[in-house]
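**Q** The sequence shown finishes on residue 1399 if you use this note's numbering, and the numbering steps up by one all the way, no holes.
Check the hints yourself; a few may be wrong.
Stated by the list, open to error - The calculated lysine to aspartate or glutamate pairs, modelled on EDC-like cross-linking and capped at a C-alpha distance of 16 angstroms, are:
{"#": "1", "residue 1": "Lys1125", "residue 2": "Glu1263"}
{"#": "2", "residue 1": "Lys1305", "residue 2": "Glu1346"}
{"#": "3", "residue 1": "Lys1284", "residue 2": "Asp1310"}
{"#": "4", "residue 1": "Lys1279", "residue 2": "Asp1324"}
{"#": "5", "residue 1": "Lys1317", "residue 2": "Glu1346"}
{"#": "6", "residue 1": "Lys1317", "residue 2": "Glu1287"}
{"#": "7", "residue 1": "Lys1279", "residue 2": "Asp1325"}
{"#": "8", "residue 1": "Lys1349", "residue 2": "Asp1310"}
Simulated from the structure, these hints should not be mistaken for lab results.
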Amino acid sequence: MEKNEVAVTKKEPNHRGIRAMPFVIGNETFEKLGTIGTSSNMLVYLSTVFNMSSISATNFINILNGTCNFGTMFGAFLSDTYLGRYKTLGIASISSFLGMLVLTLTTAFPSLHLCVSATPWQLAFLFSALRLLVVGASGIRPCNLAFGADQFNPNTDSGRKGINSFFNWYYFTYTFAMMISLTLIVYVQTTVSWAIGLGIPAFLMFLSVAFFFIGSRIYVKVLPEGSPLTSMAQTLVVAFKKRKLKLPEQDWSNLLNYFPPDSINSKLAYSDQLRFLNKATIITPDDKINTDGSAANPWCLCSIQQVEAMKCVIRVIPIWVSGILYYVIIAQMQTYVILQAIQSNRYLGSGKFRIPTASYT
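Using the sequences plus the hints, can you model the full thing?
**A** Listed below in C-alpha cells is the structure:
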C-alpha cells in the first residue's frame, strides 16, 4: 500500500530576544542572591545554631555540594529528555524557594534548633530543607544559561549579538550577586539575626520565581529533543554490538551520514581517530532507515555526527581530569577557610566592626 508523504514545515519560534532578557536576568540575579546568601554561611550556621562539630559540619557541607553537583546531570537529563528547560527551571525555582523558606523556619522557631545536640526530628526538618535546595540546584544550574540563549535566534546577526550580550550581563549580575551575598547578607546573618539573615535570601528567591513566571508569555520554550547522554550511550552500545564488523577502506556509502536539518550545531567531519567508534555507523541489511535519512532504531545504528560528537567528549576528558585538583582546592573555600576565619581576629582596627567569616571566601 502506497502512502502519500506530506511535507511538514517546522514553525519558526518567535524569538523575543531583548524583550525577554529583563525577566531572565531578573530571575538569575535574585536566584543567585538567594542561593549564595544561603549556602556561603551554611558552615557557620550548622556550627553555631545546630551545634555541630567542625568535622561533622565540614562533612555535611562537602556531601551537600557533591550531591548538588551530581544532581545537575540528572536535572539536565530530565530537561533534555522529558520536561524541557522552562518546566525544569520553574519546578527547580519553586523547590529552591521552599527549601529556603523551610531553612528560615529552622532558625525562626526555637523548638527547631534550640539544643545542645540536634535531635533526629530537628535534623530531619533541616534535611528536608536541604533536599529541596538540592532539587532546586539540580534543575537551575544546567538550564539557566541555555534557557537565556533560547530567547535569541542564533541564525541571525542580531540574535548572535544578543546571546553574547546575555552572557555578559549574566556574569556581571552573577559577580554583583556574589559581592552582595558575601558582604551584606552574611553580615546580617552573623551580626543581626539568623532569622532575618536567612529570610532575606528566601524573599529574594521568591522575587526570582515571580520574575520567571511573569515573563512566561513571551518566552521561547524549546521542546525536549533528547539528552546528549542518551546519544553517547547509544554510540557506545552500537559500537560494541558491531565490534566484529569491518570498516570500509574508502567507500563511505555504507555509513550513516545523517545530519538534522534544524540543528544549530556545526557539522562534524568524519575522522579516523578512535576508529572503533566508527563501526557504530555501518549500515547492515538488518538496519532500517527513515524517509528523512535518520536511523529507525538509534540503539542499532548511529550517525557519523553522533560518533564524532562522542569523540569530542573523549578528547575533552584529559582536560576535565586536569581540573579535578583545582576544584579540590576550591572545595576547601567553604570549609577550611571559614574554620580558620572563625579562630582569627576579624575586627578592623580598634573599632567594633567585625568581618563576617563567610566574607573570607
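**Q** All hints, please: hold or fail.
**A** Hint-by-hint comparison with the structure:
1. Lys1125 <-> Glu1263: Status holds; Cα separation ~14 angstroms.
2. Lys1305 <-> Glu1346: Given pair Lys1305, Glu1346 holds - Cα atoms ~10 angstroms apart, limit 16 angstroms.
3. Lys1284 <-> Asp1310: Between Lys1284 and Asp1310 the Cα gap is close to 14 angstroms, so the pair holds against 16 angstroms.
4. Lys1279 <-> Asp1324: holds (13 angstroms)
5. Lys1317 <-> Glu1346: holds (12 angstroms)
6. Lys1317 <-> Glu1287: holds (12 angstroms)
7. Lys1279 <-> Asp1325: holds (13 angstroms)
8. Lys1349 <-> Asp1310: Holds, because 10 angstroms separates the two Cα atoms, which is no more than 16 angstroms.
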